[in-house]
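A.B. asks: Chain by chain, the residues run as shown.
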Amino acid sequence: MCLNEGCMATYDFLFDWMGLRNWCGDSGDDGGGMTSMSQLLAETSGEDVDVSPWETPFPSMDALHEACPSFPQSRELTSGLEEGFLSIKDSLKVVVDPLTQPLSWALNEALWIMQTVPWFIMIPLLMLIAWSVARSLKLVGLVAICFGFLGFVDYYVYTMQTLAIIFVCALTCVLFGVPIGIAMSRSDRVQRTMIPILDMLQTLPPFVYLIPLIFLFSVTEPKLYGIAIILYAIVPVVRLTDLGIRLVDPDVTEAADAFGMTKRQKLFNVQIPLALPNIMAGVNQTIMMSLAMVVIASLVSAPGLGVLVLRGIRSLELGVGLLSGLGIVLLAIILDRVTKAALARINISQSR
Amino acid sequence: MDDNKIKISIRNLYKVFGDNPEVALQQVKEGMSKSELLEKHNHVLGLNDINVDVLAGKTTVIMGLSGSGKSTLIRHLNRLIEPTAGEVWVEGENILEFNEAQLRQLRQHRMSMVFQKFALLPHRTVLQNAGLAPSIDGQSERKYADEARRWLDRVGLQGQSDQYPHQLSGGMQQRVGIARALTSNSDIMLMDEAFSALDPLIRTDMQNLLNALQTELRKTVVFITHDLDEALKLADHLVILKDGFVVQQGEPQHILLNPADPYIEDFVSDINRARVLRVRSVMKKTPDAPGERAGEIDHDDTLESVIALSEGDTALSYRVMKDGAPVGVLDMRKLVRALVPSQQSDDPESARLGG
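The listed protein sequences derive, respectively, from chains A and B.
Under the numbering used here, the residue at position 249 of the first sequence is numbered 249, and the numbers go up by one with no gaps.
Each position in the second sequence, counted from 1, maps to that position plus 1000 in the numbering used here.
Rather than coming from a laboratory, the hints here were simulated on the basis of the structure.
Take these hints with a grain of salt, some might be off.
Stated by the list, open to error - Heads up, simulated DSSO-like pairs for lysine-lysine below, C-alpha to C-alpha not over 27 Å straight-line: (1) A:Lys263 with B:Lys1334; (2) B:Lys1143 with A:Lys263; (3) B:Lys1334 with B:Lys1322.
Note that the structure is predicted; figures quoted are calculated from it, not measured.
Work out the full structure: start from the sequences and follow the hints.
C.D. replies: Here it is in structure tokens:
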């Protein structure tokens, strides 16, 4: 476009006006020396077109670069980000690695236990858990049928792997999410800072989490997908704990104050018990979201039903994909119904 | 007299709600009115120079319409709300100087509170709710169960201890609330519109219960209400609040016969005076009552009962007795005159809504 002296890139005036021409180098009189790609192109096409106002480019990094070579191009931004991340990666790893190591152990242990315990102990055990939580024979039957079916089609091991990951991740979410939610409910400032972070975690496409994690950890480590799942699934339990405690009847907390409860007594004897229905709803959501994420996490070596889904996509094995999809749905139904039944029991015991 | 010992003393108490209460307080002390303060500074004047003495063993009723600051006032007594300025003395200690531990001690052992909306813990049984105070103190359920059950029985909740609050009716829930306050064994009971959420018949029941408990236990009760009938039924000392300041306080009978301003006149104008007024308030005081009398009446009888006794004959006059000794005489004519309010505003309804 800009071939001769006098012909200028669209945004030359900007740098001239700001007096930055010297900083830019000598793009204004580009007589002999280096020629840029666009100049070469313009030369070969051999014409010098006037840019009509309709075609004014957006003042993007690349357009500005054209007017001023010292101005960075957009690809320099992305490569800069990458270099920046890589340069802090090692020091970050020193801190993050030991902190997250327990997660790797927990996942490995859980996977090992779930796969080692024979099916004729594991399935009754799961039925027993369903009974103790939900107290419903119907639900116990559903659990038996679903696991029976998944075992029958030879997906038992995959199901157990998925379940093991969900147990560990959902538990970690509750362990960290509930205290964070409590802290949010007690201080408006904490709430104000946490809400944007939660919003971001919730809206980031799940795949995007994986990218920095892949750089940070080796793909063989279970904590890689563990962290991704936890980050994705922790949001509802945090939000609903905060909400639940804030929704506790102010009359009741006032009574707790009027009878001289300490803050700790009020938290454990009044606020948490009364917020429990909301907290349990958060736990339910967290479990469902871990299940969604565990499928995506199979991209970074998470074992389980997700691997089968991935195989279905990659090698176009329609049957495998459909059946494993059905398995995930069954698992989702069981987890949802059992936690919802637990929630309903809490609701009955303290309905007003 | 030990009876007249002052238990709680409120001195020059101010409360201003808003972002900068200190500045607004200065304006109030210089005489700015509540509405002007709201308009010019966007601050709400909650309490304006309150001075009230609460006598030990008596029932002090604080009455006012909604927005008069009565609920704000009672919450200053256990510092659920912090004042902008002033002092609250409880048994000779200024509780505004208390630190957190002292304040908790005060709330646990010396003051208990009954709430308008009961405010029971829904996840605990009636027994556990009644035993809230000892449980906060760290006592196990087994330890406080006897005491809690005793008070539940006393308020008429025999055999309900294992129920949950939501299984009880409103009146029964408030009985639990009262049992909870009694189980704490504190001398002072704060009752914030405790019976306002109950329907009329149950409310009367509860008022009778409270009066019976009072003759037996002689707690220092501070009772908030917007209902004059209730106030007159319960009060030994009546404080009437309007827009955050005390319009009039004193013995209820006295207020009824000598309303200090039109606001109170309107308030008292549609009360059944015969049922509320006592002989001692309208009798002529004289130790010797010579001459022929129709009979003897007690100084604490209501006028209603005297009218019933006289069968409507206004010519009679009675000798008034107190503890077996004559203290005065009562002419039926004077009695009838006392039944008519001294002044009445033209339109009491609008005045009440305006207040």
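A.B. asks: Give a verdict on every hint.
C.D. replies: Here is how each hint holds up against the structure:
| no. | hint | result |
| --- | --- | --- |
| 1 | A:Lys263 with B:Lys1334 | violated (60 Å) |
| 2 | B:Lys1143 with A:Lys263 | holds (24 Å) |
| 3 | B:Lys1334 with B:Lys1322 | holds (20 Å) |
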